[in-house]
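Asks: Chains as they are written, first to last, in my numbering: chain F, 1 to 202; chain G, 203 to 287; chain Z, 288 to 683.
One thing to keep in mind: the hints can contain errors.
Claimed, not checked - Calculated lysine to aspartate or glutamate pairs in the EDC-like style (CA-CA distance at most 20 Å, straight line): (1) Z:Lys465 <-> F:Asp147; (2) Z:Lys477 <-> Z:Glu325; (3) F:Lys95 <-> Z:Glu408; (4) F:Lys3 <-> Z:Glu460; (5) Z:Lys417 <-> F:Glu172; (6) Z:Lys330 <-> F:Asp102; (7) Z:Lys330 <-> G:Glu254; (8) Z:Lys477 <-> Z:Glu401; (9) Z:Lys437 <-> F:Asp141; (10) G:Lys268 <-> G:Asp242; (11) Z:Lys463 <-> F:Asp102; (12) Z:Lys330 <-> Z:Glu401; (13) F:Lys52 <-> G:Glu221; (14) Z:Lys402 <-> F:Asp102; (15) Z:Lys437 <-> F:Glu138; (16) G:Lys260 <-> Z:Glu333; (17) F:Lys169 <-> Z:Glu401; (18) F:Lys125 <-> G:Glu221; (19) Z:Lys437 <-> F:Glu194; (20) Z:Lys557 <-> F:Glu159; (21) F:Lys125 <-> G:Glu222; (22) Z:Lys417 <-> F:Glu138; (23) G:Lys255 <-> F:Asp102; (24) F:Lys125 <-> Z:Glu548; (25) Z:Lys502 <-> G:Asp263; (26) Z:Lys318 <-> Z:Glu308; (27) F:Lys52 <-> G:Asp242; (28) Z:Lys502 <-> Z:Glu333; (29) Z:Lys344 <-> Z:Glu401; (30) Z:Lys477 <-> F:Asp102; (31) Z:Lys330 <-> G:Asp263; (32) Z:Lys463 <-> F:Asp147.
Hints in this document: simulated from the structure, not taken from any laboratory.
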Amino acid sequence: MGKLFYIDNVVRIKNRSIYNNQELLFRSELDIAEIDLFFKEAYQFLQLSYPKFFKMDRMSKLGILATEILFNKEKQDINTALVFSNNYSSIDTDKIHQNSIDQIVSPSVFVYTLPNIVLGEISIKHQLQGENVFFISEGFDAQMIADYTDVLLSTGKAENVVCGWIDLKNAEYDVFLCLITRKGEMRFTHKNLEQLYYFDNE
Amino acid sequence: MSDLRTELKVSIIEQLNLEELSVEDIENDEPLFGDGVGLDSIDALELIVLLEKDYGIKLTDPQQGKDIFVSINKMAEFIEVHRTK
Amino acid sequence: MNKGIAVTGMGIISSIGRNQEETYKALISGKNGLSFIENFTTKHTELPAGEVKITNKELLASLKINPTQPYTRVSLLGIIAAKEAITNAQLSKEELSNCGFISGTSVGGMDATEKYYSDFENGVNTQFIKAQHPGFTTNQIANYLDIKGKIATISTACSSAANAIMLGCRMIESGKLKRVIVGGSDALTKFTLNGFNSLMILSNQPCKPFDDDRKGLNLGEGAAYLVLEADDIIGNKKVLGRVKGYGNANDSFHQTASSPEGEGAYLAMKKALKSAGLDHDQIDYIHAHGTATRNNDLSESTAIHRVFGNKLPEFSSTKGYTGHTLAAAGGIQAVMNLLMLENQEVFPNLNFEHSMKETGFYPVIIKKQKNLNYILSNSFGFGGNCTSLIFGKDED
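Let the sequences and hints guide you as you build the complete structure.
Replies: In C-alpha cells form, the structure reads like this:
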C-alpha cells in the first residue's frame, strides 16, 4: 500500500440542481415532479449529442449526465472501473415493468430492471472495458466504497475509478459520483468521500 | 395508405423514444436499422410488441422481424396483409 | 502461480437438489431439474423452468420461521444454502460473529411484492414492503444464521454471485476480512419470467447450450454459497479447494446482448488467468456460462477461441440441469466446480446434438473421469458485466 490516490472531480445531482466540485453548474426552474423534463434540460445544457439517451431509463440518464460532467469531454482510460451503489436498486423501472405484467410487457423497460445497467450504458458511451460492480446498501457506505476502490487502484486492476452513489425513487434522485485518479489535489480517503457526500449545497 | 405510414412513423417515434426525430425525418424506404433512424435489437423487439398491440399481429420468432422491419414501406405492406385490428 | 483463497465450506440448493449430496447425484446421473412452474400462477405454463419443488410454506416450516415474518423466497433459499456451507465448514458461533457475508441477487424480495402488491393498499401484509429491498434479503439471511461481520449486497445481474466470490477473495487478500461467506440467491418470479419472455430469449423446450439448434434459455432458481477463509485462521479445517484467480470486465456493447467478438468475456478470462498466474493451456476444463441463447453461446465461444486458440480445453454448460439461476448462477457453478475437483470428473452439457456451424465446438456430453487441476468458470450478466473465476485443488 502507501500509494496515494486523489478525488479529481465530483458531481452531485439533487433537487433539480447539478453541482460540479461543489459549484452550481445548472439549476432547473421546473417543478420538482417534472423529472423527465429536467433530464432533457440538463441534456441540452450539457450539449450532449447522444440520441440513445432518450431510450434509457431514468437511472441510466442520471449516470450519463453525471459522467459527462466528470469526464469533461476527455477520453477516459479504457481500464476505468465503475464502483456504484444505491438503496433503491432499479425500483423506478421495476414499478413500470410490474404494472404491465398482466398485459403486454415492454422489452425496452425490462432491460433496465437491474441497477447495474447504468454501468453498461456508461461503458458503452465512453468505451470503457474496466471492472464494474454495483452494491445495494441502505445509505451511502463511504468506507465500503473507498475500500473497494482502493483495492482496485492499489492492485493495478484499474487505472482510474468512478465511484459513489446513484439513487432514485418516486422522482427523487440523489447522485454523488467522484472520479478517483492517480494525480490531483484532494486525497482519496473514506473520510473525504463522506464529507463530500454530506456537503450541503443549499 | 399513406395514413398508415404516417401513423407508423408517429408510433415508432413515440414508442421507441426517438426524441430527436420527427415524422418528416423518416423516409418511407429508408432502412430503419441503418445509420439514419438507427434502431437496435431491443427496438426490434418493441416493434414486435407494437405489431401486436396496435394491429393484432403476433410474431413468435424474432427472426421474422428482420424482413418485416426493413423500412416503413415494408412494415406497412406486411400490416396491410396481416392486421386483425 | 497464485496460491489462491481457501474454500472451507459450501452449500447449494437448486432444482436438482437441496444440498451438495443430492446435487452431485443428479449431476452424475444426468438428471435435470426442469419442469413446469407450480409455485405461482402464470400464463406461461409451457415454458420449462428449473423450479425448486418446495413451496415457501414448506421452506418456512423446515426453518421453523413464523409465516408472518417477512422472509421472501430468495432469503429462504439463501438460508438453506448458506446454512449448509456453515455446517460444512464447521464454523462456530464465535467464528460466525466475525464472519462477513456478501450475497448477490437480482430479484430481491420480488416474489412477495408481486404476490402482496394489491394487499399493501389495504394495509395487509405490509411487513413485506421492506422485504423487496435486496439488502434486506441479505440481512435476513445473515440474521437468521447469526453471521455478524461485514455484510454487502451485490446486484450485477447474472454475474452477481461470481462477483461476490471475487469481492470476498479481494477482501481476504487485502487483509480487510479473515473469513467471509460469498455467493448468491435468486427465485423464479412472474416479473422475471414475463420480462425475459418479452426479450424472446426463452425456449419452450429444455435448453440446448452450444447446440446449433438452440432456441433460448430456461429460467431457474436456487442459491449457493462458499465459505472463504484466510490461511492463517484455517487451522485443521478441510480445504475443499481454492479460488486461484478472478477477472471482471465490461463488454461495452449493449445493455443485454453480448458483442460478437465476446470482448468482455475475453478480457474477463484473460484477467482471471493473469491473476491466477496461469497460462491458458493449464486450464483443464471450462465451466461455461452457456445459457443456450443464440447470442451468448456464439459470443462466449468466440471469446473462448480467442483466449485458447487451438488448445481448447474440454467444456460444458450445466444450465441444461438447473436452468439459468440468474444471480445465483456463479455460486451454483462454483459449488459444482469444487465437486468436480474433489471427484476428478466433469459433468456433461445436456441436450447437445449438433455443433454450432460457426465453431464446430463439441462440449463434454457424458460424465467422465478427468485429471483436473484448474477449472475456469464464466458468469456473464446483463449490463455487459463479465466475470471469470478460476478454481483449483488445495495443494500443499
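Asks: Going through the earlier hints one by one, which of them does the structure break, listed in rising order?
Replies: 11
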